[in-house]
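Given only the sequences and the hints, what does the whole structure look like? Please build it.
Heads up: the sequence lines are chains A and B, in that order.
Per the working numbering, the first sequence starts with residue 1, numbered consecutively.
Per the working numbering, the second sequence starts with residue 227, numbered consecutively.
Careful: at least some of the hints might be erroneous.
[Claimed, not checked] Simulated pairs of lysine-lysine, BS3-like, Cα-Cα distance not exceeding 27 Å: (1) Lys313(B) <-> Lys437(B); (2) Lys12(A) <-> Lys130(A); (3) Lys666(B) <-> Lys130(A); (4) Lys709(B) <-> Lys12(A).
Read the hints as simulated data drawn from the structure, not as lab findings.
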Amino acid sequence: MTPRRSSSRFAKAMAVVAITLCALAAVGAMATREVAAETAQAGALVTLGKSALARGDPAAAVLSFERARLLAPRAEEVRSALSGAGAPALGSLAGRTVSWITPREWASLSLGLGWTAALSLAIAIVRGRKGRVAGLAVLCSGMAFVLSMAGLVESNVVARTLAVVTGPTGVLVAPYEAAGATAGLRAGSVVVIGERYGDFVKVRGAEGVSGWVASGALHRVLDAGA
Amino acid sequence: MKPRHAIVGAIGLVAMLAVTGAQASTSAPSAVATEAQAASPARRAHASIGLEVGRPTSWVGQSIPVVVRAQFHDVDGVTLQGTPELKSDGIFTTELPREPHQSTEIIDGEPVLVATWAGTITPSTSGPLALSIELPVRLQFHEAPAAPAFRDPMDGDPFAGMDIDPADPSSIQRMFNSFQRSFTHTVASSLGRAHDESVTLRASGRPLEIKPLPVAGQPAAFSGAVGRFEMRASVKSDTVHASDPVTLQVTVQGQGDLDRVELPGVASSADWKTYPTTARTEAPVAGKRLGRKTFEQTLVPLHGGRLTIPPIPLAVFDPVLGRYAAIATAPLTVTVDGALDAAPAAAAMPTPGLAPSVEAPAVSPATAPAPGSLAVSPRTVGLRLLPALAVLLGAIALRMARRRNEERGLRRALRRTARLGTGAAFFDTARRLIVVHFAKRWGVAEGEVTAQTLRDHLGPTADPLVVAMSTADALRFGRRELKPTELRFACTTIEASLRDAT
Numbered sequence: 001m002t003p004r005r006s007s008s009r010f011a012k013a014m015a016v017v018a019i020t021l022c023a024l025a026a027v028g029a030m031a032t033r034e035v036a037a038e039t040a041q042a043g044a045l046v047t048l049g050k051s052a053l054a055r056g057d058p059a060a061a062v063l064s065f066e067r068a069r070l071l072a073p074r075a076e077e078v079r080s081a082l083s084g085a086g087a088p089a090l091g092s093l094a095g096r097t098v099s100w101i102t103p104r105e106w107a108s109l110s111l112g113l114g115w116t117a118a119l120s121l122a123i124a125i126v127r128g129r130k131g132r133v134a135g136l137a138v139l140c141s142g143m144a145f146v147l148s149m150a151g152l153v154e155s156n157v158v159a160r161t162l163a164v165v166t167g168p169t170g171v172l173v174a175p176y177e178a179a180g181a182t183a184g185l186r187a188g189s190v191v192v193i194g195e196r197y198g199d200f201v202k203v204r205g206a207e208g209v210s211g212w213v214a215s216g217a218l219h220r221v222l223d224a225g226a
Numbered sequence: 227m228k229p230r231h232a233i234v235g236a237i238g239l240v241a242m243l244a245v246t247g248a249q250a251s252t253s254a255p256s257a258v259a260t261e262a263q264a265a266s267p268a269r270r271a272h273a274s275i276g277l278e279v280g281r282p283t284s285w286v287g288q289s290i291p292v293v294v295r296a297q298f299h300d301v302d303g304v305t306l307q308g309t310p311e312l313k314s315d316g317i318f319t320t321e322l323p324r325e326p327h328q329s330t331e332i333i334d335g336e337p338v339l340v341a342t343w344a345g346t347i348t349p350s351t352s353g354p355l356a357l358s359i360e361l362p363v364r365l366q367f368h369e370a371p372a373a374p375a376f377r378d379p380m381d382g383d384p385f386a387g388m389d390i391d392p393a394d395p396s397s398i399q400r401m402f403n404s405f406q407r408s409f410t411h412t413v414a415s416s417l418g419r420a421h422d423e424s425v426t427l428r429a430s431g432r433p434l435e436i437k438p439l440p441v442a443g444q445p446a447a448f449s450g451a452v453g454r455f456e457m458r459a460s461v462k463s464d465t466v467h468a469s470d471p472v473t474l475q476v477t478v479q480g481q482g483d484l485d486r487v488e489l490p491g492v493a494s495s496a497d498w499k500t501y502p503t504t505a506r507t508e509a510p511v512a513g514k515r516l517g518r519k520t521f522e523q524t525l526v527p528l529h530g531g532r533l534t535i536p537p538i539p540l541a542v543f544d545p546v547l548g549r550y551a552a553i554a555t556a557p558l559t560v561t562v563d564g565a566l567d568a569a570p571a572a573a574a575m576p577t578p579g580l581a582p583s584v585e586a587p588a589v590s591p592a593t594a595p596a597p598g599s600l601a602v603s604p605r606t607v608g609l610r611l612l613p614a615l616a617v618l619l620g621a622i623a624l625r626m627a628r629r630r631n632e633e634r635g636l637r638r639a640l641r642r643t644a645r646l647g648t649g650a651a652f653f654d655t656a657r658r659l660i661v662v663h664f665a666k667r668w669g670v671a672e673g674e675v676t677a678q679t680l681r682d683h684l685g686p687t688a689d690p691l692v693v694a695m696s697t698a699d700a701l702r703f704g705r706r707e708l709k710p711t712e713l714r715f716a717c718t719t720i721e722a723s724l725r726d727a728t
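Rendered as structure tokens:
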């Protein structure tokens, strides 16, 4: 191999490394800005929740805290506010694990990995037999993309099924008013909502509470208003 | 224990109710005594109610302590069917506990059940204030027993009718009936006839003298608070983070009608964003605690630094001194972590006034969360990945175009490898170019383009091309260095041969 050929390859490699680093820096800056904005939003929600608690409105407070958890689940301020309001994390182990990352972070991850997989595939297609490294990148980023999309779907399911009880209500064994109550839910209790039957929704709450609740007594975390 | 006459004297009005049957009536004490005596010279049940007023004269809005005493003598049972109801047109608040204090007192040597309610009334108008009181009760009692008739034990046979004739079975029944009649008569005559009656105890008395509040010197912020109060303000934590709400607690305690004590709270300012106050009143506990009203207000600091919560004033009328007075809380200092500059939102704060802002908690537009932004749908991610699909399609198109223009690419690669002086790569590219060129030209598979077919088709013109192909084979299996000038000459020759062959 001649020195000229070697220097050319080195320059190419350096260019690729530089471009990659620039892209990573740009993505990192965007992600940092987005996380900072979300943390600020979560802080504002925690403040709203604390104001609601001071007004004696636990349902509005927990609603704000749960929204803050969707934005910044790892923030100590949010976690302490939730524990102070007596709102434990619900859902399965997988759901709680997925909830450690926000839906927007899952979306960003999926988007980045999706683009990486697509670009790697494009390079592999263009380079043909010579694109073995690109093929390997397609394999790795493709698998990571599928996993991140699964996380995104699960986090969306968790977020969309969370609801807060707006007032004291009974948990009925069947979806009609005359049905017997198995337990009671206080205002501000967090439940996971399931199937709907008429004006009733099947819910699952903390400590194994499960049954039917009038849909008017619930406020979904993702719904507008408080 | 107070003797009954002392209560009567202190009350100023008292009524005794004689329970004589279905009707209950109130009258003056002397009349009651007369009626009671007339109804039964022996033991008899009676109930009474009295109202003790703390002072005969008072100011409008001033709390007047009152004590309601209901006494029940010689009754089997008493059920209160409500609380004492003070009737007057000039009272706007009455604070009497629902449950009375119950005790048994010895009055005139007789045990008397006494129920006592201690509370306050607040007059609303000046002038004479007439008071009356009512208390519905249900009483169980027995009439006074009749005097036992003297009976000579030797008169008649006490065992009459109790003979048992073994031959007469009905004699046992006669004996039993005789015994039962004797027992019933004895018990009934000793206890008296039983009664269970619902009655209403009523009383009325001399009017009180209520003085109007002076108009002269009345502060503009006076809300009607009359009494002697003291105020104390506190915050749960004097060190908070920026935008963390602070709960200000103001306690007003003292003697007076707390219902008319109203605090506007701290007004919004450049330092604080404030929310409406909430209040709760704790009634006084006799001998333990004065009445207390606690106001709570949420304040949100708008910037960092040492912020001062201003004093909160309260204008009151002191009934003892007979003039208006102003009391206030002490200013509080709260240390707030965060930037010293006021937030932009502070510029939009209303001018400090008496009434606090009541709008919903303000969050700056930059940090206002939208519920829709809390979750991202997978569909959104899919839409954002659509351009990547376009990139993939472009790559596929490029790949196909490259295949179509492979010969052009090979010519560029031939010149590049000649320029770089890589002999093996040059002749490898040259052979590939020759094969691709003639396969496309002759419409045959690339494998069919060999040195022999070139000679067959092109004759002597094919010699440079055949040499190039054989050199490629030679360089693949053996190392041989070629000068760049040689490679450039070979490149020119091959390209010329390809043109000539065409």
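For the pair supplied as a hint, Lys666(B) and Lys130(A), confirm whether the alpha-carbon distance does not exceed 27 Å.
holds, 24 Å
Between Lys12(A) and Lys130(A), is the straight-line Cα distance small enough, at 27 Å or below?
holds, 16 Å
Mind checking the alpha carbons of Lys709(B) and Lys12(A) for me, to see if they're no more than 27 Å apart?
Holds, at about 25 Å.
Are Lys313(B) and Lys437(B) close enough, with their CA atoms no more than 27 Å apart?
holds, 20 Å
Consistency with the previously given hints is maintained throughout, with no hint failing.
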